[in-house]
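Per the numbering used here, the very first residue in the sequence shown carries number 1; after that it's consecutive.
It should be emphasised that the hints constitute simulated quantities derived from the structure, not laboratory data.
There may be inaccurate statements among the hints.
To be verified - Simulated restraints on C-beta separations:
| # | residue 1 | residue 2 | range |
| --- | --- | --- | --- |
| 1 | F73 | N227 | 47 to 55 Å |
| 2 | M205 | I44 | 45 to 53 Å |
| 3 | I44 | E133 | 54 to 62 Å |
| 4 | Q151 | V85 | 47 to 55 Å |
To be verified - Calculated lysine-lysine pairs in the BS3-like style (CA-CA distance at most 25 Å, straight line):
| # | residue 1 | residue 2 |
| --- | --- | --- |
| 5 | K94 | K72 |
| 6 | K101 | K30 |
| 7 | K214 | K112 |
| 8 | K90 | K101 |
| 9 | K78 | K94 |
| 10 | K30 | K72 |
Beta carbons: idealized from backbone N, C-alpha and C, even for Gly.
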Amino acid sequence: GFVVINQKGIDPFSLDALAKEGIVALRRAKRRNMERLTLACGGIALNSFDDLNPDCLGHAGLVYEYTLGEEKFTFIEKCNNPRSVTLLVKGPNKHTLTQIKDAIRDGLRAVKNAIDDGCVVPGAGAVEVALAEALIKYKPSVKGRAQLGVQAFADALLIIPKVLAQNSGFDLQETLVKVQAEHSESGQLVGVDLNTGEPMVAAEMGVWDNYCVKKQLLHSCTVIATNILLVDEIMRAGMSSLKG
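Model the full structure from these sequences, guided by the hints.
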């Protein structure tokens with residue numbers, strides 16, 4: 001069978017004529033949905049029947065209407081090699097739906113980043129602990145006050161495992177000492193186990209971070225800190241000038 005999808009309205013006479021020929025007509029489709037349909041089903045959206053030919057048609061194995069709550073939705077399924085899909089999310093309230101949508105978006109973005117990078121790095125604060133220890137070992141080779149900067153950078157990196165421990169309800173200092181000791185003894189990339197507060201080898205537990213995110217984090221923080229250190233004076237605007 002055929003399905004006709006239109007962004008505008010379809011008059012009752014045309015709907016009846018299409019129905020008699022076994023053609024399903026869907027009207028008032030949103031523009032963004034039309035764009036998704038062409039990606040999912042193939043085909044081309046046309047403005048006139050004069051340009052219609054078999055190459056402009058898309059394909060879907062199943063088209064049906066389903067009622068969810070008080071609203072009706074049209075489902076188009078069994079498309080050949082779709083380049084656009086829809087995820088149906090259900091929840092008891094709007095807050096839960098927002099949380100689920102954010103989790104799905106974050107997960108999909110993490111997968112995309114991993115595919116684009118072609119690699120991942122151990123998570124759970126393991127990279128930061130290793131970098132901090134490397135900086136501490138490097139500090140004696142630095143002369144003068146620059147050693148203070150190296151130490152400050154190392155301390156800043158350890159904020160990540162400290163926050164992970166604190167958010168999990170564990171003593172941050174005790175947890176950090178354990179993780180650093182385990183890293184020094186084993187030489188592996190050791191992070192914080194959020195369930196127990198004990199050190200763990202992040203790679204063995206399947207805890208990973210995106211390489212591009214970690215790289216951007218280190219770069220952005222360094223640039224921001226450098227810019228702040230270059231500031232000699234801050235002038236605070238009064239309320240009167242803000243109103244103007």
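Against the structure, the hints come out as follows:
| no. | hint | in the structure |
| --- | --- | --- |
| 1 | F73 - N227: 47 to 55 Å | holds, 49 Å |
| 2 | M205 - I44: 45 to 53 Å | holds, 48 Å |
| 3 | I44 - E133: 54 to 62 Å | holds, 58 Å |
| 4 | Q151 - V85: 47 to 55 Å | holds, 50 Å |
| 5 | K94 - K72 | holds, 19 Å |
| 6 | K101 - K30 | holds, 21 Å |
| 7 | K214 - K112 | holds, 15 Å |
| 8 | K90 - K101 | holds, 10 Å |
| 9 | K78 - K94 | violated, 30 Å |
| 10 | K30 - K72 | holds, 15 Å |
When the structure is compared with the earlier hints, a violation turns up for hint 9 alone.
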